[in-house]
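> Here is what each chain is made of, one letter per residue.
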Amino acid sequence: MASIKDTVLQYVKNEYLETDDDREITCDTPLISGGIVDSFSMVSLKVFLETKYNIQIPDAKASPEAFDSVNNIVNLLKEFNVQE
Amino acid sequence: MAYNTDVRKVYSDQLEDLKSQGIFKEERAICAPQDSEIEVEFPIGSEKKKVINMCANNYLGLSSHPEVVKAAHDGLDVRGYGMSSVRFICGTQDIHKELERKLTEFLGTEDTILFPSCMDANAGVFEAVLTDQDVMIADRLVHASIIDGMRLCKAQNDSFKHSDMAHLEEKLQLHQNKRLRMIITDGAFSMDGDLAKLDKIVELAEKYNAMVFIDDSHASGYIGRTGRGTQEHCGVFGKIDIITTTLGKALGGASGGCVSGRKEIVEMCRQKARPYLFSNTVAPVIVEGALRVLDIISRSTERRDKLEENSKFWRKGLTDAGFIIKEGETAIVPVMLFNAKLSQDVARDLYAEGIYAVGFFFPVVPKGQARIRTQLSAAHERHHLEKALAAFVKVGKKYDILGKTKQEIIDKYGM
Numbered sequence: 001m002a003s004i005k006d007t008v009l010q011y012v013k014n015e016y017l018e019t020d021d022d023r024e025i026t027c028d029t030p031l032i033s034g035g036i037v038d039s040f041s042m043v044s045l046k047v048f049l050e051t052k053y054n055i056q057i058p059d060a061k062a063s064p065e066a067f068d069s070v071n072n073i074v075n076l077l078k079e080f081n082v083q084e
Numbered sequence: 085m086a087y088n089t090d091v092r093k094v095y096s097d098q099l100e101d102l103k104s105q106g107i108f109k110e111e112r113a114i115c116a117p118q119d120s121e122i123e124v125e126f127p128i129g130s131e132k133k134k135v136i137n138m139c140a141n142n143y144l145g146l147s148s149h150p151e152v153v154k155a156a157h158d159g160l161d162v163r164g165y166g167m168s169s170v171r172f173i174c175g176t177q178d179i180h181k182e183l184e185r186k187l188t189e190f191l192g193t194e195d196t197i198l199f200p201s202c203m204d205a206n207a208g209v210f211e212a213v214l215t216d217q218d219v220m221i222a223d224r225l226v227h228a229s230i231i232d233g234m235r236l237c238k239a240q241n242d243s244f245k246h247s248d249m250a251h252l253e254e255k256l257q258l259h260q261n262k263r264l265r266m267i268i269t270d271g272a273f274s275m276d277g278d279l280a281k282l283d284k285i286v287e288l289a290e291k292y293n294a295m296v297f298i299d300d301s302h303a304s305g306y307i308g309r310t311g312r313g314t315q316e317h318c319g320v321f322g323k324i325d326i327i328t329t330t331l332g333k334a335l336g337g338a339s340g341g342c343v344s345g346r347k348e349i350v351e352m353c354r355q356k357a358r359p360y361l362f363s364n365t366v367a368p369v370i371v372e373g374a375l376r377v378l379d380i381i382s383r384s385t386e387r388r389d390k391l392e393e394n395s396k397f398w399r400k401g402l403t404d405a406g407f408i409i410k411e412g413e414t415a416i417v418p419v420m421l422f423n424a425k426l427s428q429d430v431a432r433d434l435y436a437e438g439i440y441a442v443g444f445f446f447p448v449v450p451k452g453q454a455r456i457r458t459q460l461s462a463a464h465e466r467h468h469l470e471k472a473l474a475a476f477v478k479v480g481k482k483y484d485i486l487g488k489t490k491q492e493i494i495d496k497y498g499m
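Line order of the protein sequences matches chains A and B. Numbering follows this note's numbering, with no gaps: position 73 of the first sequence is 73. Numbering follows this note's numbering, with no gaps: position 349 of the second sequence is 433.
Keep in mind that the hints were calculated from the coordinates and are not lab data. Just so we're clear, the structure is a prediction, and the values are computed from it rather than from any experiment. Any given hint could be a false lead.
Derived DSS-like pairs: lysine-lysine, alpha-carbon spacing no greater than 30 Å straight-line [what the hints assert, rightly or not]:
| # | chain 1 | residue 1 | chain 2 | residue 2 |
| --- | --- | --- | --- | --- |
| 1 | B | Lys390 | A | Lys13 |
| 2 | B | Lys281 | B | Lys390 |
| 3 | B | Lys410 | B | Lys134 |
| 4 | B | Lys281 | B | Lys238 |
| 5 | A | Lys13 | B | Lys134 |
| 6 | B | Lys291 | A | Lys52 |
Now the in silico label distances, taken between C-beta atoms and shown as ranges [claimed, not checked]:
| # | chain 1 | residue 1 | chain 2 | residue 2 | range |
| --- | --- | --- | --- | --- | --- |
| 7 | B | Arg263 | A | Val82 | 23 to 33 Å |
| 8 | A | Val82 | B | Asp232 | 44 to 54 Å |
| 9 | A | Asp28 | B | Glu351 | 47 to 57 Å |
| 10 | B | Phe172 | A | Val82 | 46 to 56 Å |
| 11 | B | Phe172 | A | Gln83 | 31 to 41 Å |
Ideal placement from N, C-alpha and C gives every residue a C-beta, glycine not left out.
Chain A on its own, in the form it takes in the complex:
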């Protein structure tokens, strides 16, 4: 089974990169401050995480910083006891 990190990374690539976008995304790539995900379309990422891992992320926790890289997102998920 894919790790949480891989699952989130794959989702981010599919969800946010246009087909002609040749940017590389790794687990450290700044997503929001790097201009890949804007704060508006960040919502779909939150919905994906909540649905996939059956959790509720309160708005206060869903900050641009918490969503700014795949690593940050994985750390956030740990707070909600999401296990591999």
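Take the given structure of chain A and dock chain B to it, following the hints.
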């Protein structure tokens, strides 16, 4: 708290920061009515310079058209300067209702409600018709005013990749459990100059039981065989549930906007849309001007036909010269430069050559996609475009970007 030195510093620091990042916006003073050739002071107070305007939304060249100006004068004489009221207290004149009827007919909808601007229409419409049981699914490149309107609405928001119908379909499937689904898109996209795939969108909307919303501000008046917008161009005239558009671009260029669409939705806006309820009625002068604009463009397609020819000539000229442009069918032609500073340098040099065009970069467009956005008008004559093209080629040669690929330009100037 008094407005003391510390408070002042909070703001002056932010303003300095914008200047140091090169994203501080400065106005230029145009010392003439809007047209294809204008006199400009830049910076304000400096000597006036005559330039060809390549950045106005004056698509049909009606902003200073003598018939429109006369109609506005007459409106001033017979219906006064202002109404000093919102619409529902004592701000609705017979001419407001007439303009709403004419817009309904022009856009092929059931009813129309005027707003002070399309920004206000977009800010008010979603909150008026959707609740937290619903979902709004928007193209990622929609105009900022739509994003603001969606933020004011309690419905869940989601988005799909720009014009990616497979992605939109996934999102529609994901949200089948909601009470109402609304697909939201611009008709013509203001920064890229392409059109929404409305035929496909309507098909998906029917398949997945969703409403369709378009903001056709950059298309109304000239896109489609008779200028009725993206819905006419895509063969889905009469099938769009909600259209917002502006009177501030092709349709006269003054101000004012509207929500046009299904009658219950328009009525909900009359009852609940806050920018409609709490801001002044559109001034009579503008209403009369807009009525005349609709007369002019319903009489003949001459102006939109000329604009189409101008756009084709301009797109071909730039492409043949070796510039990279975004493909599209509209009068918005983005010349891609990728690097933010390069876009500013090229715009500055074009201005020195007598061409007024503006460079756009992050956050207005995505990082690494800086561009000069050029906009055509039916007021442009061939000699204007030939002169502008010669200036673009001269500046393009100076920066050695003609005939170069995206990668070559990025290698030379960076993202």
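> Each hint needs a verdict: does it hold in this structure or not?
Results of checking the hints against the structure:
no.: 1; hint: B:Lys390 <-> A:Lys13; verdict: 43 Å, violated
no.: 2; hint: B:Lys281 <-> B:Lys390; verdict: 24 Å, holds
no.: 3; hint: B:Lys410 <-> B:Lys134; verdict: 28 Å, holds
no.: 4; hint: B:Lys281 <-> B:Lys238; verdict: 27 Å, holds
no.: 5; hint: A:Lys13 <-> B:Lys134; verdict: 48 Å, violated
no.: 6; hint: B:Lys291 <-> A:Lys52; verdict: 26 Å, holds
no.: 7; hint: B:Arg263 <-> A:Val82: 23 to 33 Å; verdict: 30 Å, holds
no.: 8; hint: A:Val82 <-> B:Asp232: 44 to 54 Å; verdict: 33 Å, violated
no.: 9; hint: A:Asp28 <-> B:Glu351: 47 to 57 Å; verdict: 52 Å, holds
no.: 10; hint: B:Phe172 <-> A:Val82: 46 to 56 Å; verdict: 51 Å, holds
no.: 11; hint: B:Phe172 <-> A:Gln83: 31 to 41 Å; verdict: 57 Å, violated
Hints 1, 5, 8, 11, counting from the list given before, are not met by this structure.
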